[in-house]
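Asks: One-letter residues, chain by chain:
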Amino acid sequence: MASANTLTPSSAILTPSSSASRRWQIVAVIACLLLSVGLVYGRHHLGTWVGSATALILLLLASSFWWWHLSSRELPGRWSVLFSSLLAAQSLVWLWHHPRADVAVWQGALGGAAFTYAMLWVFELHDRDAGLRSLATAALLLSIGILAKPPLLICCALLALAVFYDDHRPADGIVNSLLLLLTPVLLCTLAVFLLRALAAEGLVPVDWTIGRAHLDAAPLHLSLLARQIPALAFCASVLAARWLMRKTGSSDLAIVIMLIFLPTFGMARWMPMPLSLLDVSMIVSWGAACLMALDPPIPLLPRLVALAGACASLYFCC
Amino acid sequence: MSTPAPARISVPKSAPQKNQEKPQLQIGRLLVDAGLINERQLAQALVSQVAWGSRLGDTVMGLGWVKPLDFYQVLARQLGLDFINLVKTPGDDSLFARSEYASYAQDLYLPWRRENGILWVATADPLSPALAARWGDRSDVRFVVTSKFDIIWELQRVAGKEFSQDAVLSLAEFSPEHSARTVITRAQTWWLAGLLVFAGISLRMFPLPFAIVLNTLVNAALFFSFAFRTLLCWLSCEENIGMAITPDEVAALHDADLPLYTVLVPMYKEPTVLPILVAALKRMDYPQSKLDIKLVLEEDDHETIEAAKSLGLSANFEIVRVPASQPRTKPKACNYALRLARGQYLTIYDAEDKPEPDQLKKVVVGFRKLGSQAACIQAHLNYFNAEENWLTRMFTLEYSLWFDMFLPALDELRVPIPLGGTSNHFDLAKLRQVGAWDPFNVTEDADLGLRFAALGYHVGVVNSVTYEEANSHLGNWIRQRSRWIKGYIQTWLVNMRHPVTLFRNVGWRGFCSFQLFVGGCILSGLSYPFLVIPFIVWLFTRSNMMHSLFPAPVLLISMANLIVGNSCLIYLSMLAVAKRRFPALLPYALTVPGYWLLQSVAAYKGLWQLITKPFYWEKTVHGISKYTHAELSHSDAQQ
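If you're matching them up, the sequences are chains Y and X in order.
Just add 16 to the spot in the first sequence (first one is 1) and you have the numbering used here.
Just add 8 to the spot in the second sequence (first one is 1) and you have the numbering used here.
Looking at chain Y on its own, in the form it has when it is part of the complex (with noise of 0.2 Å):
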């Protein structure tokens, strides 16, 4: 039969469509049992699955962002990868030191280096296109900001303040710019305020308020820099590769002010709802991590010493 020649078994042509979803089966496959090893070693280290499970996926998550976010600024594929590897990696192996912290703090951890991911992101928007967005954009994210820690939200607060303040202050006046910036956040503690008035009338329940301090606080002492090596590494490396590239800007002086300001103050006994050593390094390494995606590391030499960078901050972490 002549129609019978032209036929060809669907399963003999290998499509380059089916080749993708192989691929993805092969990844899918391999990140399966590299989850199930991650919730089995964390239950083994936490003594909880619900911890080691929460844990595994909100770094899952943020590290396929991340990877998402690199291969969209053109960082090829495998470089891509290779990067999100590594930093998923090296979180992981320090949520595993922390085996005593309950859920809550992995949860204040990650949400305190997400919150410092997006204020350098906006710094890094606002150096592109001084705009009203990149303002409204950073007071809304402060808002939010209330839900992480009291130092990290003055740290982002203060930086915001020099990075937006000389754009709208002669436009609008000094009452008017601070009025534009900080008006959200000071909605949002108003609005914690009056929640927790609320839980004291017994009108809502305790539960619902927010602002639960129950950390790790660590004495302020020089050593605890020491102690950040790790972070350091990948931050450094990521700084110089953008210096070599000639991509410094507002949100690199943003994080050097930070790795300065934190350490000192955030970790500090008086400081209400301090930092502990598992927030710096996150919010150290995830804020170099937006850094490096925001402008990836395109010649070999800066992607070279990024990829150092990470590299030494893993060998550390182990």
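Just so you know, the hints here were simulated from the structure itself, not pulled from any lab data.
Remember, it's a predicted structure, so these values are computed and weren't measured experimentally.
Misleading hints may appear alongside valid ones.
As the list claims (entries may be wrong) - Okay, the calculated bits of chain X under chain Y, using three or more residues with CB under 8 Å as the criterion:
#1 244-254
#2 584-595
What the hints assert, rightly or not - Label-pair restraints from in silico Cβ distances:
#3 Phe-232/X - Ala-69/Y: 43 to 49 Å
#4 Ala-213/Y - Ile-220/X: 21 to 27 Å
#5 Tyr-181/Y - Trp-198/X: 58 to 64 Å
#6 Leu-640/X - Phe-209/Y: 48 to 54 Å
#7 Gly-147/Y - Glu-257/X: 52 to 58 Å
#8 Lys-634/X - Thr-205/Y: 37 to 43 Å
#9 Ile-619/X - Leu-76/Y: 52 to 58 Å
#10 Ile-314/Y - Trp-199/X: 55 to 61 Å
#11 Tyr-181/Y - Pro-267/X: 46 to 52 Å
#12 Trp-198/X - Leu-76/Y: 46 to 52 Å
Stated by the list, open to error - Just a sample of chain Y residues kept apart from chain X, beta carbon distances all over 12 Å, derived:
#13 Trp-84
#14 Ser-87
#15 Val-109
#16 Ala-130
#17 Trp-137
#18 Ala-178
#19 Leu-195
#20 Leu-202
#21 Cys-204
#22 Val-208
#23 Ala-252
#24 Ala-256
#25 Leu-269
#26 Leu-293
#27 Phe-332
The beta-carbon is built from N, C-alpha and C at its ideal position, and this holds for glycine as well.
Since the structure of chain Y is already known, use the hints to place chain X on it.
Replies: Structure of chain X alone, referenced to chain Y:
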């Protein structure tokens, strides 16, 4: 009948050539000889005529140098025709053909009388190519010249009642599904009744769970509505969002290529602000000879008619008298005037409007940019008396938010745009095609924007501002706002008669945006007191009664929405005035929650009126601002 003896002329079969020197100089010379203009004015008019691409007659009349009556007499003399005054010697009504009313208005001619087998046609434009095409080869037709105002007058005398009837009923009869004449359809009544019965039974049997579910649903809807508005604002924080026409693009336009533009100004009992409006329209950067401005006045509004007459307006201003009939609404008046509109584009301004001078040109560029699917372009609105009192400041905050943030973002998302009250510029043919304004809808503009979207047309937003007078009196504000909210409810009900059809026509994005934006406006206005009152009662009484009336989850949901919603409104208003560069108004944004309480008062008044007087037009009084009074005094002093 004392019929003049008009000569027969050979009507040109083709359009007269542009800049045809001879006849222009002749009419110009005749005007000078008649002492109507001087030599210098003639020279200037000839320059303007070439630049504007208009005829000399239109140019000198547009500049206000020659009265129409005088000009048409000179024109008749030039062409060897007789001039007749249709007001004094009206025509034979039986010669009018209803099917040709549009042509009469567009091409400015009328069948006047028939005598001895000869049809006498009165025209204000004997050299019109349309006239040549219609009557050119008829040997039994003769022409007389008349003024274009006489044509409009006579047309209204003969066809006024039909125009008025069409203005009221054409949409309701030809497209009843788009008309708000039926406030709520039978199917909607059944739905509403079913919901009320269900609510009644639930409230009786499970009062607390019902209260919780209802509160949760309302609050969820409000939350999404606030979130959508925040998204719109965030998008609009981008400086160049929407259609930004640059001064270079405007400068690149040639006046000679600009089309005839109709400007409708519906007014009712507003004689005081008329001089301000006329001055603003004369300031427009658009060839005056290409403006077809119609002051749309109610027949019984003698005060404003007399005020308009006393201003000695140039020939591009016409007074259209709308016969008294119900419903007495602005859209009905506009529909009536639409029958007499001649432009390629049409816009509406309110009596107190001050459009930016280059607005019409920007719109022309905008239409050319948007292409054939564009049916309407909305200009931004804002207020010139923002600093007058708290209410005007709040109103300015709100308008900045609406026109500078929401509408450009809706345009960017390509979803239906509820048009604002004035400064919406239409492609006249498309406006007629969709049935124009719904005279039974008291926010006819918002309804029209949604109808355009449902019929597949595009509505854009242009970066030009019209400054209006913000309501400075609370009573006046409530009247205006209650009408708006009533109109929004009408619009929502009309569009939700067939939700599936709406979904198919505007897509899921358009459908959701309609629900969140138009529906959200209604819901937030009506539900705001229910969010605020429990909180205020608790704050001042710390009453234990709250525990039983508002269980913790219900209270918490309401409270969270109240706080988040108000915070959103405050901050979005701040962003809007920051974008508009009104920094002085920034701190006033903190008082937005108080303004929203007033909004709720108006919302309930609007809802009540929808039930009792659905088509009643709550008139907004204009010209009460101290800024307007100061401007009027200033212009009086100058005169």
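Asks: Please go over all the hints and tell whether each is borne out by the structure.
Replies: The hints, checked one at a time:
1. As drawn, the region 244-254 of chain X meets chain Y at 3 residues by the rule of a beta-carbon pair under 8 Å; at three or more, the given contact holds.
2. A count of 6 residues in the region 584-595 of chain X with a Cβ less than 8 Å from any Cβ of chain Y is obtained; the coverage claim is therefore met, three being the minimum.
3. For Phe-232/X paired with Ala-69/Y, a C-beta distance near 30 Å fails the hint of 43 to 49 Å.
4. The given range of 21 to 27 Å is respected by Ala-213/Y and Ile-220/X, whose C-beta atoms sit roughly 22 Å from each other.
5. The supplied range of 58 to 64 Å is met by Tyr-181/Y and Trp-198/X, whose beta-carbon atoms lie about 59 Å from each other.
6. For the hinted restraint 48 to 54 Å between Leu-640/X and Phe-209/Y, the CB-CB distance of approximately 51 Å keeps it satisfied.
7. The hint said 52 to 58 Å for the Cβ distance between Gly-147/Y and Glu-257/X, and at roughly 22 Å that hint is violated.
8. Taking 37 to 43 Å as the suggested C-beta distance range, the pair Lys-634/X and Thr-205/Y conforms, at roughly 40 Å.
9. A C-beta distance of roughly 56 Å is found between Ile-619/X and Leu-76/Y, which places it inside the suggested range of 52 to 58 Å.
10. The hinted window of 55 to 61 Å between Ile-314/Y and Trp-199/X holds, with their beta carbons roughly 59 Å apart.
11. A C-beta distance of roughly 49 Å is found between Tyr-181/Y and Pro-267/X, which places it inside the suggested range of 46 to 52 Å.
12. Restraint check, Trp-198/X to Leu-76/Y: a C-beta distance of roughly 50 Å satisfies the suggested window 46 to 52 Å.
13. With a closest Cβ-Cβ approach of about 21 Å to chain X, Trp-84/Y is found to remain outside the 12 Å limit, as its non-interface label requires.
14. With a minimum CB-CB distance of about 25 Å to chain X, Ser-87/Y clears the 12 Å threshold, and the non-interface call stands.
15. Every CB of chain X lies more than 12 Å from the CB of Val-109/Y, the least distance being 37 Å, so the non-interface label holds.
16. Annotated as non-interface, Ala-130/Y keeps its C-beta farther than 12 Å from every C-beta of chain X; the closest such distance is 19 Å.
17. The Cβ of Trp-137/Y sits about 14 Å from the closest Cβ of chain X, beyond the 12 Å cut-off, so the non-interface label holds.
18. No Cβ of chain X approaches the Cβ of Ala-178/Y within 12 Å, the least distance being about 19 Å, so the stated non-interface status holds.
19. The non-interface label for Leu-195/Y is inconsistent with chain X: the shortest C-beta to C-beta separation is roughly 5 Å, within 12 Å.
20. With a least beta-carbon separation of about 9 Å from chain X, Leu-202/Y fails to lie farther than 12 Å from that chain, contradicting its non-interface assignment.
21. Listed as outside the interface, Cys-204/Y is inconsistent with that label: its C-beta sits roughly 7 Å from the nearest C-beta of chain X, within the 12 Å cut-off.
22. The Cβ of Val-208/Y sits about 10 Å from the closest Cβ of chain X, inside the 12 Å cut-off, so the non-interface label is violated.
23. Chain X leaves Ala-252/Y outside its interface by the beta-carbon criterion, the shortest separation being 34 Å against a cut-off of 12 Å.
24. Interface exclusion of Ala-256/Y from chain X stands, the closest Cβ pair being 33 Å apart, more than 12 Å.
25. No beta-carbon of chain X comes within 12 Å of the beta-carbon of Leu-269/Y; the shortest separation is about 24 Å.
26. No beta-carbon of chain X is positioned within 12 Å of the beta-carbon of Leu-293/Y; the least distance is around 34 Å.
27. The claim that Phe-332/Y lies off the interface holds: its Cβ sits roughly 40 Å from the closest Cβ of chain X, which is beyond the 12 Å cut-off.
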